[in-house]
Amino acid sequence: MTLKIEHLTGGYTGVPVIKDINLEIKPGEALGLIGLNGAGKSTTIKHILGLLRPQKGKILLNDVNLTMQPTKFKRQVAYIPETPVLYPELTLKEHLELTMLSYGLDASKSWDRAHELLKMFRLDDKLDWLPIHFSKGMRQKVMIVSAFLADTSLLVIDEPFTGLDPLAVANLIDLIKQSIANGKMVLMTTHVLADAQQAISNYAVLNRGTIEVIGNLQEIRQHYGLRPDDPFDKLYLALNREDNGNA
Amino acid sequence: MRDLAKKRLNENLKQSVKYLTLVFNDFFILALIFLFGALMFWYAQAMKSMPTNLWFYKPLVGLLLWLPLLTGHLVTLLKDADMQFLFTQDEQMDEYLKPMIKYSLVLPTILIVLLGGILFPFATIKAGIPVWSYALILIGTILLKAVMILIEKENLYFYYNFPNWVSLLITLVVLLIGSLGSYVYPIEVIVLMMMGHLGTKKDKGVFNWRYAIESEKARKDRVYSIFSMFTDVEEKQVTIKRRKYLDFLLPKAIAKENPNLFLYRRSLLRNPEYLNLLVRMTVFAILISWLVQDWRWALGLSCLVIFLTVYQLLPMATEFDSNIMYRVYPIVRDNRGKDLVKVLNLGLLIQWLLVSVFWLILLPIDSHLWISIVVLFVFTMIINYGYLPVRVKQQKIKR
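Going down the list, the sequences are from chains A and B.
FYI, this note's numbering numbers position 147 of the first sequence as 164, with every residue one higher than the one before it.
FYI, this note's numbering numbers position 77 of the second sequence as 221, with every residue one higher than the one before it.
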């Protein structure tokens, strides 16, 4: 029961963005993916979701190879995108029904869980609304509710905190902690380390398409020569220096 | 700002001309000439037999002249991004809107003059309005529209709020009274309205960007809706309608559904492009069947219409491919042709049923007609079960 990314090289047609990435997440583990804009975080995620075709390497989840059995692989992955993407023709209730259908969930059990999540994010009275009536934060909450409803073994979260109110951020962090405690795997990209730290202790630093270091924040500080009392934002300055030095 | 306005007006004119040439194609012009000719012929005949000077003639003239006032709102050509980039230009907006007001008056003026011309014999001979007074009313009507557009312009500022329906009500009353005999009355009212308008013109205040942009969007949408009846309008934004009253067509339980079925059903019912197409094509089939009045032609043309309906609904198959969540979710896409067939089947059956029922009402009933109904049914099924799945399979699945 692990996510294994082995020697993954990929990106957009002809342009490799990520080079030889190796990652492993075990059940009950969460990994934060950090790096400057354009470092390859989103590209890595797109590969895991099967939205891009790898140029080299493979991605396995619980021994299911993404390229060989895409549907079986995807049934084990839920995704919260950075910008919410909804179906304009479906109501909130129907988005949840579609999630149940796609992931083959038992409807009555799932609805209990759905109501719990909807209440948590204060959406329980908006089941019949179409997405055009939702604010950006509310749309993001719909994505969160759908993803946690799918109850998959891997959860991929891209920049989850933007646009959420502090209450929702706290709830999301709780949900991520619960998932980890239940033996799920979490992969999350973020720039907001202050929030992420509450749920995630291990991080991989991506720079110019390669992983430079994996470890807890302490180890990452050491790797980049930061003092214990330096603000963590200095990491980004160090990455920027490296970037310029190599340019 | 004036340059920006002029540039936008030019672009808008080019775009309108592009769509107008598509709408008024040879075929449509021919149909219009026939229609107009028939109407004028009927009008000329009616003029001969109509009694003169009935009591309601004069107010009828007033009412008819009021109708063009319902068309043509203030064109501002404001765009979403203006809220960001022209945010500091509140005081220059007056300058920007000046050429817009002139432009906005063109269409209503043409309509008023055209209608005024058509109504001229009736108004002067049958209703007994003196020629010069009638001309005065026409000028009054054009000026009333100008004042209405000026009011619309002022409404774009926060300090001013004069609902459009009040303008319409006042102009209706003015034109009714005017046509009844006080022929200069509209002009007097315009002078009064202008004076009142100038009286309120103290501080311009803040420009209501949100309202102005929303109204322009709504206006454009109305124009595009008219164009889209005849041709494809790429700028037209699809606004999904909830249509709760159609929910009874959706299965109550989702147990027997699959994701593609689930999505296609809702798309057909709520995406105006698809449902409107189905309705439009059905009405079209009924209308041409009625016009040709012959079972052979009716059958051939209706088959063609059903084929075209399915052909135009084909994009539904790949509609969701651009939605990233559709591709992330574990949704199997290989058999979605069959799902689309299931969803469209009901729509096409309703289309066949309606066409058949109207054939029985409109065409002479004989054995040929009954056979035609069966043939149309078989054809519909062949198109839906034979043609559609093959075409959907041919469409590339984006990976």
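You may find that some hints are simply not true.
To be verified - Over the 10 angstroms line for every Cβ pair with chain B, so calculated as not near, a few chain A residues: (1) Leu40; (2) Thr88; (3) Lys91; (4) Val94; (5) Tyr104; (6) Glu111; (7) Ser119; (8) Phe178.
Said to hold, decoys possible - Between beta-carbon pairs, the in silico distance windows are: (9) A:Glu41 with B:Thr383: 42 to 48 angstroms; (10) A:Trp146 with B:Asn305: 27 to 33 angstroms; (11) A:Lys153 with B:Leu313: 37 to 43 angstroms; (12) B:Asp234 with A:Trp146: 54 to 60 angstroms.
To be clear, the hints were calculated from the coordinates, so they are not data collected in a lab.
The C-beta atom is built at its ideal place from N, Cα and C for all residues, glycine as well.
We went through each hint and held it up to the structure:
no. : hint                                       : result
1   : Leu40                                      : holds (19 angstroms)
2   : Thr88                                      : violated (5 angstroms)
3   : Lys91                                      : violated (4 angstroms)
4   : Val94                                      : violated (7 angstroms)
5   : Tyr104                                     : violated (7 angstroms)
6   : Glu111                                     : violated (7 angstroms)
7   : Ser119                                     : violated (4 angstroms)
8   : Phe178                                     : holds (20 angstroms)
9   : A:Glu41 with B:Thr383: 42 to 48 angstroms  : holds (47 angstroms)
10  : A:Trp146 with B:Asn305: 27 to 33 angstroms : holds (30 angstroms)
11  : A:Lys153 with B:Leu313: 37 to 43 angstroms : holds (40 angstroms)
12  : B:Asp234 with A:Trp146: 54 to 60 angstroms : violated (35 angstroms)
Violated hints for the displayed structure, listed by number in ascending order: 2, 3, 4, 5, 6, 7 and 12.
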